[in-house]
Structures are given as structure tokens and as C-alpha cells.
Amino acid sequence: MLHASRLGRRRSTTPHHITDVAIELFAARGFTDVSVDDVAQAAGIARRTLFRYYASKNAIPWGDFNTHLSRLQDLLDHVDPGVRLGEALRSALLAFNTFDESETIRHRQRMRVILQTPELQAYSMTMYAGWRAVIATFVARRSGRMETDLMPQTVAWTMLGVALSAYEHWLRDESAPLTEALGAAFDVIGAGLDRLDR
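Going by the working numbering, the final residue of the sequence shown carries number 238, and the count climbs one at a time with no gaps.
If a hint is listed, it holds; no wrong ones were tucked in.
Here are the computed distance ranges between Cβ atoms for each label pair:
hint	residue 1	residue 2	range
1	77	122	49 to 57 Å
2	164	56	16 to 24 Å
3	134	77	32 to 40 Å
4	123	91	38 to 46 Å
5	64	134	21 to 29 Å
6	106	197	16 to 24 Å
7	120	220	20 to 28 Å
8	146	121	31 to 39 Å
9	121	159	38 to 46 Å
10	186	117	14 to 22 Å
Hint data in this document are derived by calculation from the structure and do not stem from the laboratory.
As the structure is a prediction and not an experimental result, all values here were calculated from the model.
Even for Gly, the Cβ is constructed at its ideal location relative to N, Cα and C.
Put together the whole structure using the sequences plus the hints.
Shown next, in the form of C-alpha cells:
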């Protein structure tokens, strides 16, 4: 085996590749029992190369989440002002969580790691904060309030609850399409959001 200091970055190394390799290891052995060195070795890269892509092991299951947040921000930035608040948030939630069907197994593995690993929960809260900030900013802009006001923050936390409850359901019932679970979860609170437009 080559010493880590002699391993160079393969041309095919990408954050996506590293995350895929790591998720496979986490699913097979458990998050706690997989080290950064294990991930680097399985990905065919040096430890220092892995840290160029991810600041910590906790960040790996999340992949390039900031890029996805930018996409969510873009979706909400381009909502027609005539679209009701509830409809706008529902559409953005479904679009944000839509992926190619071929990715279903891997996405389910990823979300199991993120939602069911106790060691990841504190880190995940920081990631959820970024997601909530995007929602709160949109709601604040629509309602003429500050992002930190109670109403936008309540909507942002509610939307997070909708997403997490739908994902938990999707992980328990593998026959349920994710978008269907998300839509049904959102519809529990959707009417209340529409009333905020009045």
C-alpha cells in the first residue's frame, strides 16, 4: 500500500465522488466506525486532499449543500409576486428535493446517515440554519418584515419540520415517492401559510 504522503489527487476526484464513497462506507459500517482515513483510502486520495473538499467528516454526508441552497434561493428569487405564499413555498420545496430516479437508493442512504446518526445532529443543525435562512429571507421579503421577525422565522422552522417529517416517512416507507410525502406533509400546514397573504 502506498503511504498517504505519496498519494496524489486522481483526476476523477470530485466532492460528489468522495461523498458517494463515504456514504457507502457509512451505510455499511456506521458513521462512527468510519474514519476520514478510511474515506480517503476508499476514494483513492490522500487525507489532505479530502480536506480540500470537506472541512470535517461531519460535512461529508451533506455533500455540496451550499450549491443546493443557492438553487433554492434562486427558485424563490424568481417566484412571481402574484403566486400565493403557500404555493410558492410548496413548489420550491418539491423542486429542491427532486432528483433523478437513479439516485433514489443513494439519496435514501445519505438521508439515513444524516437523520439517524446521533453524532451528526449538532452539525446538521448548522446546515438546517442555512436552509431556514433562505426561507425566512423569502418570507420576510414577501411580507415586508425583517428576516429575524417572528413570522418569517416561524414559517422557516415550520418548513423545516415539514421537510424532516416527510423524509422520516420516506425512510420508513420505501414505497412512498419522496415528492408525494413532501406534498402531503406540506398540505397539513399549507392553508395556514396562505392565510398569511391576506
